[in-house]
Structures are given as structure tokens and as C-alpha cells.
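In order, the protein sequence lines correspond to chains A and B. Using our numbering, you'd call the opening residue of the first sequence number 72 and step up by one each time. Using our numbering, you'd call the opening residue of the second sequence number 10 and step up by one each time.
Rather than coming from a laboratory, the hints here were simulated on the basis of the structure. Heads up, some of the hints might be wrong.
Lysine-lysine pairs mimicking DSS-like chemistry, simulated, CA-CA at most 27 Å apart [unchecked claim]: (1) A/K117 - A/K133; (2) A/K330 - B/K241; (3) B/K176 - B/K204; (4) A/K133 - B/K163; (5) A/K133 - A/K307; (6) B/K163 - A/K298; (7) B/K47 - B/K241; (8) B/K163 - B/K176; (9) B/K163 - B/K141.
Everything numeric in this text was worked out from a predicted model, so none of it was measured.
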Amino acid sequence: MDSFLPELALLPAGLHDLLPPDAEREAALVEHAMGVFRAHGYDRVKPPLVEFEESLLSGVGKAWSLQTFRLLDPESQRMMGVRADMTLQVARLAVTRLLNAPRPLRLSYAGEVLRVGGAQLSPERQFRQIGCELIGSLDAAADAEIILLAATALTELGVRGLSIDLNLPTIVPAIFAAYGITGDDDRQLAAALAHRDTAIAGAAPDIGPLLLALLDVAGPADAAIEKLSRIDLPAKAESSRTRLIETVRLIRRAAPDLKLTIDPLERQGFEYQTGLSFTLFARGARRELGRGGRYRIGGERGTELRGEPAVGFSLFADAVLNAAPASAAPRRAYLPFGHPPESTRRLRTAGWITVAGLSPVDDPVAEAKRLGCPHILVVGSGEPTPVT
Amino acid sequence: MLADNDKAPARKHLIVSAQYVGFDESIVLAVPKGRILKELRPLLDRVGLVPSAEFDDENSRDLRFATNLPGVEIIRVRSFDVPTFVAFGAAHLGVSGNDVLMEFDYPEVYSPLDLGIGRCRISVAEQVDFSKTDDPSRWSHVRVATKYPELTRKHFAARGVQAECIKLNGAMELAPSLGLCDRIVDLVSSGATLKANGLVEVEHIADITSRLIVNRTALKTRSEEISYWVEKFREACSAS
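One chain only, chain B, in its complex shape (with noise of 0.2 Å):
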């Protein structure tokens, strides 16, 4: 503890960024890494959008890319963060599924075009044996092992079913195996992992594409620009 003739010792100053985000700032893509990327690269260049050499480069250890036009920039995040990205207005346009769009829902991200990309479903899957006994109409409580506790957890809620859910971030289709839970709520485009799991969907949540998401408040004060950036997008998706 300090007298008060001591001497004060240095005050750290924790600097918290103004919530704005500069005037006339360029426009920020955010795209999600892996998967949907593969399938966003040809459509990207339909838009005429090239980003420099380094993205293509997946041992580059950017985040943040130039483009060919001076007024965009590209940053490669997690596809979980892409909605945050865009809902606090760190990026002003986005990809994501539908998926991780539902999990969070933003009443900030507007999703105003389907791309048709990284097309699948999400579903409610069990072990093959338990299927045949279980009656999905006689369930109060289910424990759920997940990425999306919040989409899986309003979606039996809407069914009048109380969801447990544990949050995994990957491997779901081991959890029921090894006990950790009996049906687990995940991504399934051709069955092939449930399958090799000893794994069967016994209900249909939603389908699934990824989206062209936009900040809200970027639409409202630059719709022209945001605009531009949507029709582009949809035009693109029409030729492909």
C-alpha cells in the first residue's frame, strides 16, 4: 500500500475504442475459412473481386487482404465469427451458412441474398439401435451434444421439449457412442459420418446455404454502396 507522500506509480490507461468506425472506410468482406470457401473462391471472381496472392496462400498467415479495387478489403475469419464480424460492423458484408446465422441471430445482420453455396442440412441424429425404440413424441428432456447450443436448444423449445445441450466443437459424432449423450444436433450433407458412426438423422431441423450477410446500419447510411456490392453478388450467383 502506498503512503501518501509516495510516489504514485504509472496508471496504465486501458484504452477503449469509440464506437465508430472511422468515416470514410473502405468496405470489408468477411469470409469464413475452410469448407464454404472453396466453394466462394469461383464466385468471387464472377463478382470480379481478385483479393491479392496471399489468400490463396493457405500457409500465409494474414487475416487481412488487399483486393484489386483500393476501396474493399478481404479478412478470412472462423465461420462461427463471420456474423460477429458484420453484426458490430467490423466488416460490412459477410458470407455465412444459414447454420451459424440461426445459432446467434443478430437483429443486426440482414441476409438478403442466397448464394446456393455450401448447400446441406442440419439435423437431430441418434445411434441406429436406440432409433428403434425411441418415439421422438414422448420426449420432455433430451440431452444434446452440439456446435449450436442456441439454434438446437429453440428448436425443441418450439416443440414443447426441454434441450440439455453440451457444446462440442468438433467429433459430435462420437459423443453418443462413448455416452456422452444420446442424439447430437449437427451438419449432415451426405450422411457418409453418421453412417461410418453407426449414426441415423431422425429429424430435419432446416436446410442449409450460405448467405451474403450486411450490417444493418451500413445499409441504411450507404445503400448505395452496399447495394452495388448485393447485386453484384446476385448477379454472379444468376450466371453461375
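Just chain A, with the same shape it has in the complex (with noise of 0.2 Å):
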């Protein structure tokens, strides 16, 4: 066997290989999330890991226009794009191919997306993103839905200490609209916003103690909700408020210990978002385990709401990978050479993982420690045997 080869072993950034237990640990994860969302009602699709470029990037995919690797297909001689979001290609499809489809429509998607650039805290510029969109609805119950059923399958995939922050990416927009801030004034105060710069803000001509009052909001749901409410918001902001308030509620009655909190605000991740939003924490992950929101197919930001109505929330799986505990040590046992394959099916049956010994060894229990066995099934018993 050649020594390590440096050469061979480098990848370009952003891009890496997962080796045992975690190749394993991350396909076990995806699936249990995608039996939790088929329990209730998503079916899975499977859209392909390229399309045209013009398909994949119109409507809101143009906010992913960035971050997208394009390819030139030599077959039809046009410009092809990676998916860098999912979400994109679900949001097709419940448009073109499943329009007929009986509304509300209910999918679930896994597979792994590529991107321009990783994010600061997650340099990653390949990961398996899953999730679910519900098209078609514009209730309130379709939002906390969406809201329960992320939290139900992270805490079954065993992540604790879940937090959920629920943001109104529009209200920004919408209140700086309303106060007629554009250009130059538009971009710094909203930067500060994002920093959530209290000094810059709250020395905005005008608006500037709106902003603060804002700023003040975020923290624990119900606290924040009550400060919320007391807020003079313009006209526009004002639906945002009462959707927010009336998906506290449905979430709420549905799971009462949650941990939920509102961050009017935040922005971040949320490119094509049009309405209540979410982001998706667990105590003591470094980075978010996912998000979504409602958004709208075909629409775009900025212009009159049209389209169909979705909502629907993406999980990285690396992050939530991060988040679960370590599955527990798998029972693996050592054969050594000369088990005769068919008699040791039944451990198999029984939920051992077998590592069969291709030739005589000396010290059996020695090469079963060696190749990270636990256990040794001795010739001729009948039950493998810890290795001490």
C-alpha cells in the first residue's frame, strides 16, 4: 500500500468526504426526518441534481443566481445550473408537472445541493438539504403546520434544546416603504438592522425609535408578542403582526413547552421569503440547523404578491448531523476465519453487523479489536462473545 498521498487527498474548499460512522450516521438521520414528514402526509419527489439554467433561476430561484455553478450541456447547446436550493426545483414542479395536483399539495424532498460559496460559519459548499413544502395555503394553520412538523422531526432525530425563532422578513421592507427610505439610506440602515446596531438605527431621522422599539422586541415569544403589540407599525407591516400573533397561537396549543422566539428583524437566509418566517437554533449547535417560510411561486419580491402560495422549511443536514447525539456503539462482531457463511445469517437477523475473517489469524481477539470489534463470535458458540 502506497503511503498517504497529500497530493490526492486535497479537495477543493468547501467540499468533503464523510468517512464511518458519520456517511452512515448522516443517510440513518435523512431518512428517519423523511419517515417523519411521509407520517404526515408529504410525499417525496425527487427533481434532478441539474436543469436549464433559465428554468432553475426564474422567479424566486433568481435570488439564488449568485451562488449557482452554471455548466454548458453539449447536447442541447444551453446553459445548465446545479441546484444550489431545492426548494426551487419542489416549487417547479408543484407549477408545471404536478399542477393539477389536488391543492393543499404536501412534498418532501432530500438530496444534495451545491453552492458558489459556503457561509462563514459553515464553509461547506455541498450538503444534503431536506425538507418539505405545503403549496396552496395561505391559512395560518398551514404555517404552524410547517413550524410543528420541523421541530417534531428534529427532536425525534434526538437534537435538544431546539429554539425556534420566528422572523417577519418583509416587515422591514414594508416599514421602510412607508417612511419613503430608498438608495443609499436603504442599504446602511439596513445593514446596521442586520447588526442589529442599536447607535445607528435609533439615530435614523424619523424612524428611528420604530426601530428601536423593534430592535427592543426580540427575545422569548411571549414577552415579545406583547411588545409587538404595542408598536404603531404602517398599514403594510400590519398583516405580518397578526399572522405572527395567530401562529404563536396554533403552535402554541399544539406543542405548549417549545422553546419560541420572535425576532421581528432577522433577515438572514431568508432570499425569497414573503412572509412569517423561521429559523431553526438548537442550544449550543454553533450555527442554525435550518429554516423557511412562506414564499410565493412565480412571485417576486418587491413587486405586487402573486403566485401560488407556499410554505415550507429546509434542514442542513451536516448542521443537524452536528446537533444529534453519537448513535449508540452498533453491535459488531468479529467471525473469525472458518464460520461457514450461512450459519451466522441469524446474527445478522438479530441486528448484528458481522466482520468475517478472510484467513486463519493467531489471536483472533487481538484482530477483532484490531478491525473495532467489540464482540467475537468463538467457532462453534452460538452467541458472539465480548472481546476484553
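Reassemble the complex: the two chains are provided individually, in unrelated frames, and hints are given to aid placement.
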């Protein structure tokens, strides 16, 4: 065997190999989550990895333009894009091939996405996205269903200290419009709000006190709603507030112990959301586990709302993997050379992982340890015994 | 190269820490060494945070200090490193000038409170003689020596000027007179250092103060604790 070849090991930035046991854990976690989605009536779809650029990046997909890798299709001589987000593809399915499927349409998906640049806390450029989309309903019950489903899936995966932050990414644009803030002022104030900079936001003429009041809202849901209810909002932002309060009520009724916080000014990661959105955090996990919210299929932000209403979420499998507890060590037994393969089938049926020796060895116990097997099946005995 | 039957060399395992910062961990406050720390010290007293004695000992090699409160620790790092510790969740709270915050522009760092200390400004400066004939409206490309290459590039880009930044870690004021560049971007408080080196401010970029900063995830998942500390600092500031 050649010694380790560093020049073969180097991967492009943001891409990496998943090794045992993480590759297995990730696959199990994804299937577990998909099972939860299926049980809630979400049917799985599987769009392709690559699509024509103009369909992938149309409508809400425009937000992903700078994050999308392109390739030229030598067949059709057309430009293709590698998906940077699967929500767009599911949205396309909903209004094309599934146009006549009954509404509300519940779809789930799992697949790899590729992005031009990773985020600061997650330099990964390729990761697995899993999620659900609920298409064709404007009801608050749909928002609540999606948020509760995300929470249920994460809880079932063993994520502890789950905390859901509810956000109103459209409230800032609505307020800016009401106060006639545009161009440079818009950019500077939006940047200050992104950093929750009370010094700059509070100093803004006219709008300052309102922004300070909204900054002060952020925190645990009940206190936040109380504060938010007292704020005098422009008419255009009113519907967001009503929807938020109604959704919190529905979530509380179904899951009174779920930790909810509210931060009306959060816009990070909401490239195409048109209404109530949310970010999934777990205490102790460095970065968010996923996010979701309302959007319009075929609609664009900034213009009048049109297109079919939808709400959904996606989870980042790598982040969830880091937040979920390690699975219990598998029962793994070494079968020294000489066991007839068929005689050990019952062990696998009983849940054992069997690792067969390919040739006789002097010290089978040492060999079992070397291969990472905590158990060994001594020739002639029926049950594996622990190696000590 | 090893043959098949050679003994394999012992493998060194690279331990990559998981993206996990414990579960019931304490609160860590990152403070900058130097200038700002002197102004911050009385504020910490008013907040009721008393670091262990080594904290005030300039010769101490410790970087991590216990406080009078069991759940709160203080770390002392370089001012340019405070936002990085906070962005990655290694510290939950920090104190940092908005010059450094603008330079890094971490989306994971929130700055909810202006502490009103470390007041100065960040400006473009050039040699007095040169400034007499220089017309800023005609610039298309400038070469600038600075500790803040990102902030500088963004500032000039916003007015349509391409900035070639030479990153220096100190003694910026020397650069123009020795021909390294025509301009510098640096912090100015009294202007005395500029004057002593024959330089004059030609453009004001931003006013600088120190901010209390917090980690985004910590604020969302431990909002009560973090808000408590932000509030404590707010009270301490308004009392001063």
C-alpha cells in the first residue's frame, strides 16, 4: 500500500469526504426525518441535480443566481445550473407537472445541493438539504403545521435544546417603503439592522424610534408579542404582525413546551420569503439547523404578491448531524475464519453487524479489536462474546 | 514506501472539534487588550463583574480569567480578534470598536449596545503638501496603507474608486513620507500623530466607538441570559 498521498487528499474548498461512522449516521438521519415527513402526509419527490439555467433561476430562483454553478450542455448547447437549493425545484414541480394535483399539496425532498460560496460559519459548499413544502394554502394553520413538523422531526432525531426563532423578513421593506427610505439610506440602515446596531438605527431621522422599538422586541415569544402589539406599525406591516400572533397561538396550543423566540428584524437567509419565516436553532450548536417560511411560487419580492402561496422549510443535514447525539455503538462481532457464511445469517437477522475473517490468524481476539469489533463469535459457540 | 507485509506506521489522528460548544457552558466575555481595556475597566466594575486579580496584572500570561460570578468568564484577546471569537461562538459577548466590526462584517455578530468608550474616527490622511494639489473628485485608483483593507476597499468602491490596499499592522504614518503610498486610512483621535508626521485628514470615513457585541446563535438560544447582560451594560453606561 502506498503511504498517504497528500496531493490526492486535497479537496476543493468547502467539499469534503464523509467517513465511517458519519456517512452512515447522516444517511440514517435523513431517512428518519423523511419517515417523519411521510407520516405527516408529505409525499417524496426527486428532481434532478442539474436543470436548464432559465428554469432553475426563474421567479424566486433569481435569489440563487450568484450561488449557482453553471455548465454548458454539449447536447442542447444550453446553459445548465446545478441546484443551490431544492425548494426552487419543488416549486417548479408544483406549478408544472403537479399543476393539477389537489391542493394543498404536501411534498418532501432530500438531496445534495452545491453552492458557489459557503457561509462564514459553514464553509461547506456541498451539503444535503432535506425539507417539506406545503403548497396552495394561505392559512395560518399551514404556517403552524410546517413549523411544528420541523420541530417534531428535529426532536425525533434527538436534537436537544431546540429553539425556534420566528421572523418577519418583509417588515423592514414595508416600513422603509412607508417612510420613503430608498437607495443608500436603505442599504445603510438595512446593514445596521442586520447587525442589530442600536446606535445607528436609533439615530435615523423619523424612523429611529420605531426601529429601536422593533429591536427591543427580540426575545422569548410571549414577552415579544406583548411588546410588538404595542408598536404603531405602518398599515402594510400590519398583516405580518397579525399572522405572527395567530401562528404563535396555534403552535402553543399544539406544543406548549416548544421554545419560541421572536425577532421581527431577522432577514438572514430569507432570500425569497414573502411572509412569516423562521430559523431553527439548538442550544450548543454553533449554527442554525435549518430555516423556512412563506413564499410565492412564480412571484417576486418587491412587486405585488402574485403566484401560488407556499410555505416550507429545509434542514441542513450536516448541521443537524452535529447537533444530534451520536448513535449508540452498533453491535459488531468479528467472525474468525472458518465460520460457514450461512451459519451466521441468524446473527445479522438479530441485528448484529458481522465482520468475517478472510484467513486464519494467530490471535483472533486481537484481530477483533484491530478491526473495531467489541465482540467475537468463537468457532463452535452460538452467541458472540465481548472481547476484553 | 512500505511493502505489503511491512508494519504500518502508527497513524496520527487529527482531532477536529465538532461544531459544538458544550451544552450548559458558562458565558464568556471577550475583551480587547490595550487602549479600550483601560476605559472598559470602570464599566466592568459598574456592571458588577470583578475579574480575578491576574486580570489587572499586565505581566500575567493568563488569557482566561474567572470572575466573581461562577458562570461568567473573561478572555483577553487582541482587539482585531474579538469579533472572530464572538462570531464563531467561542465567546458569547465581546467588546469591540466598530472599526474592527466594519472590517470583518460578520453576519453572526450583533452589536446591540454602544458603550460610548474608545471614541475616535477613521479617516483618510495624506501628506500636507500633497493635499494642496490633490483633488479627491478626480481619483480613479488609490494606493492606501492601512490596518483595515476591507473597510478601505468598500469605502472607496462606494464612491467609484478602486483602492489598492497595503496591509500594515502599525506605524501607518510612516508610509507616505517614505513613498510606500500616497494615502493612509487609520484611526484618528486627537490628530497629534498625523500632525507630527506631516499628514492631514482629507476624508472622514466613520465615527468609532466601542460596542457590546453578542453571538447571534447565543442570543437566540439563550436569550434570557444574554439579554440580562446587555441590560446590565446598558444600565452601567447610562449611569456613567
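Quick rundown of the hints versus the structure:
At roughly 21 Å between alpha-carbon atoms, A/K117 and A/K133 fall within 27 Å of each other, so this suggested pair holds. For the given pair, A/K330 sits about 24 Å from B/K241 by alpha-carbon distance, which is consistent with the 27 Å threshold. Under the criterion of a C-alpha separation no larger than 27 Å, the hint pairing B/K176 with B/K204 is consistent with the structure, at around 22 Å. Taking the CA atoms of A/K133 and B/K163, the gap is about 25 Å. The hint holds against a cut of 27 Å.
At roughly 25 Å between alpha-carbon atoms, A/K133 and A/K307 fall within 27 Å of each other, so this suggested pair holds. Of the supplied pair hints, the one linking B/K163 and A/K298 is violated, its CA atoms being roughly 37 Å apart against a limit of 27 Å. Taking the CA atoms of B/K47 and B/K241, the gap is near 19 Å; set against the 27 Å cutoff, the hint holds. Simply put, B/K163 and B/K176 have alpha-carbon atoms about 15 Å apart, close enough for the 27 Å limit, and the pair holds.
Of the pairs offered as hints, the one joining B/K163 and B/K141 holds, with about 25 Å between alpha carbons and a cut-off of 27 Å not exceeded.
Violated hint for the displayed structure: number 6, the only one.
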